[in-house]
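K.L.:
Here is what each chain is made of, one letter per residue.
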Amino acid sequence: MLEIKNLHARVADEGTEILRGVNLTIEAGEVAAIMGPNGSGKSTLSYILAGREDYEVTEGDILYNGESVLEMDPAERAAAGLFLAFQYPLEIPGVATMTFLKTALNAQRKARGEAELTTPDFMRKVKASAEELKIAPDMLKRPLNVGFSGGEKKRAEILQMALLEPKLCIMDETDSGLDIDALKIVSDGVNALRSEERAFLVITHYQRLLDYIVPDTVHVLYKGRIIKTGDKNLALQLENEGYAQIVDEAA
Amino acid sequence: MRKRHPVPGLLIPVSMETDMPAVQETIDRVRKIDVDQYKYGFETLIEMDVAPKGLNEDIIRLISTKKNEPQWMLDWRLKAFERWKTMESPDWARLDYPPIDFQDIHYYAAPKSMSGPASLDEVDPEILRTYEKLGIPLKEQEILAGVRKADEPSEFDDNSDTPPAEGSYSGRVAVDAVFDSVSVATTFKKELQKAGVIFMPISEAIREHPELVQKYLGSVVPISDNFFATMNSAVFTDGSFVYVPKGVRCPMELSTYFRINERNTGQFERTLIIADEGSYVSYLEGCTAPQRDENQLHAAVVELVALGDAEIKYSTVQNWYPGDKDGKGGIYNFVTKRGDCRGANSRISWTQVETGSAITWKYPSCILRGDNSRGEFYSIAVSNGRQQIDSGTKMIHLGKNTSSRIISKGISAGNSSNTYRGQVSAHRKASNARNFTQCDSLLIGEECGAHTVPYIESKNATAQFEHEATTSKISEDQLFYCMQRGIPEEEAVALIVNGFVKDVIQQLPMEFAVEAQKLIGISLEGSVG
Ligand SMILES: Nc1ncnc2c1ncn2[C@@H]1O[C@H](COP(=O)(O)OP(=O)(O)OP(=O)(O)O)[C@@H](O)[C@H]1O
Ligand SMILES: [Mg+2]
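The listed protein sequences correspond, in order, to chains A and B. In terms of this note's numbering, the first sequence is residues 1 to 251. In terms of this note's numbering, the second sequence is residues 1001 to 1529.
The reader is advised that the hints may include incorrect statements.
[To be verified] The calculated lysine-lysine pairs, modelled on BS3-like cross-linking and capped at a C-alpha distance of 27 Å, are:
hint, chain 1, residue 1, chain 2, residue 2
1, B, Lys1502, A, Lys141
2, B, Lys1518, A, Lys141
3, B, Lys1518, A, Lys102
4, B, Lys1429, B, Lys1459
5, B, Lys1429, A, Lys110
6, A, Lys184, A, Lys167
7, B, Lys1502, A, Lys127
8, B, Lys1325, B, Lys1459
Keep in mind the hints are simulated off the structure, nothing from the lab.
When you get a sec, could you build the whole thing from the sequences and use the hints?
P.N.:
Structure (structure tokens):
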């Protein structure tokens, strides 16, 4: 589903190279975890996959279902089924969460040539998803992410993901900021979305999340490169030993 | 009087351009920003009566004659003209434009005869949908679309004269359309008459209700008020007149639609609204003008009088042609709007959505004369391209326990300049005067400017004035976030901007809130990327 080939990227306006040849393939139905020390380029990779213009791809390619997405803008990529749950979700003052969700969903449907959802159908859908994630209906009336607690923001991201039904879900440190119960609720939500056609790229620092969302593959990103790939046991090994040994091996 | 025959290239689709009351058309206009595309289904060449260019006594006499005015009105105009000759165009606003040659403008233009489509079947369905949205019945639509005149019989006449059921009024709008210098149609006349509400072109009111006009005209904005108001007093051609009698709640939204059509023609409308004791009226004006390379002058005066316990809500959706992206053409909008809360417990609220005009000079104000009276000003001012806006309000607290509230949202994009200029003052006797002002600016891009110029003045120690101001930018992060969710860039800007202006949009009559939101989005098209 996703093929990242020798991806090199730098900060567009000042030239610092952040990704230095990332290779990664994710199949439909797969859950891939990316781990790696702070500053290794995990969030940057997620932004570049989503089409953020602050970064310039200097080499390599990103293929989504066999086609390069480099020429697509973020909205087009979203409509094609790519979703990014942000490490730091943005606040949109004055725009009710409900309004935002509806605008996003209908924009995607429109881009795909599908009919817009009627308001009652939409409401039904949101309410069901919100209930599963234990999000109070009142929160949906508030401006998106404004005054939401850290954990509420993360939950709202997963609500959006559930609603938009993307094909490729990238989750950047969704676990950070969640309390123990919320982590369980969010993980259940994600697991419910797991399917043959859907792939996940889960960025995290902690095994805790991977206890709930069990990955098929684990990749270690270090200084802009994948230096090691393994199965779920690799995450356990990192939890026990830290990154030092793997970094040494790769050097 | 020089007779103008159909001018090649000047196609005036009478039925369409004269009569649209609402905002949909203005939206379409902005969308079809190319002149060549600005062609509706019906193009009827019409003969125009156009007075020669220039402002002088003869022109004023001619206007007065054309309007069949009584002598007192002509005298009033001439007095204003004498005064105007001694005045100079104000230069204190943050506006930059070449000097206007006031002798190079036509001060009167009117269609010689109105010939429109034969039936509603011939009218653009898009326009009919807008009428429908406004709840205007077919009979009234015919008048607006130019199919028939108000006093001609309608094919929808059922000859029963049963008044509509109580409570069925909501969502309906009576519309007056002003086309260049004349009012072409007023709908719902009979029904308003039953309630005792007078809603007619001011030119008619001068003839039919001289006692009311004489009593109130110029009583809020005096003849000598300012350069543009004085000029308007001399040459105003039409506009709306509203009188709501004691204790009457006006049974429907009133609306006037203004349009400048004729080339090199100024529009100088005059609106006078009087809410007698304990009455209520909500009024909405909309405006558009075709795209022209040359600048056109619009200098209107609006006077509101609220007597004891009365309330007036005045909303404007202004979308005059703003000029092209290089600043060529566009309307110069110099407007004086003032409301007088004359009686105790009276209330006036101004809501404006300003997206058009090359130059906007406009400060809808409230004189809080009656004790416990209240004034409100809610404004959204959007500038893009080379537009320049200097707008705001004045709240003059004269009576005891008067209160006022100002919410101003300025959005600047492109190379535009957007200034909020506001004055809040409490006079000696205005004990316990209260004002709250919130003034927010949103910048899109790097080339625009936003400025806030508040004047606060208090001569009473018990007055309490609060002022809050913020300036923010739409961040790249926010845009990326919205786009990641599938919202295209321009829609994302519109969404964020609509969030920013929400407090003000909520003040608009419901029918127009959605249209205003769309209009704001469209005005900002091309402001990013
Ligand atoms: N726009 C930018 N300008 C300059 N430096 C940047 C920019 N974006 C990212 N970087 C740098 O690139 C490196 C990778 O950052 P990134 O946020 O991708 O790390 P990360 O792996 O997500 O870290 P963490 O685990 O702390 O979230 C960091 O050193 C960061 O400072
Ligand atoms: Mg990160």
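K.L.:
Hints first: check each against the structure and report whether it holds.
P.N.:
Hint check results:
1. Of the pairs offered as hints, the one joining Lys1502/B and Lys141/A holds, with about 14 Å between alpha carbons and a cut-off of 27 Å not exceeded.
2. As the CA atoms of Lys1518/B and Lys141/A are separated by approximately 21 Å, the hinted pair is consistent with the 27 Å bound.
3. Restraint check: the Cα-Cα separation between Lys1518/B and Lys102/A comes to about 16 Å, which is no more than 27 Å; the hinted pair holds.
4. Distance hint between Lys1429/B and Lys1459/B is fulfilled; the C-alpha atoms sit about 8 Å from each other, no more than 27 Å.
5. Distance check on the hinted pair: Lys1429/B and Lys110/A sit about 60 Å apart at the alpha-carbon level, beyond 27 Å; violated.
6. Note on Lys184/A and Lys167/A: the hinted pairing holds, with a Cα-Cα distance of about 22 Å set against a maximum of 27 Å.
7. Straight-line distance between C-alpha atoms of Lys1502/B and Lys127/A comes to about 24 Å, which keeps the hinted pair within the 27 Å bound.
8. A hinted pair counts as satisfied when its Cα atoms are at most 27 Å apart, and Lys1325/B with Lys1459/B does not qualify at roughly 46 Å.
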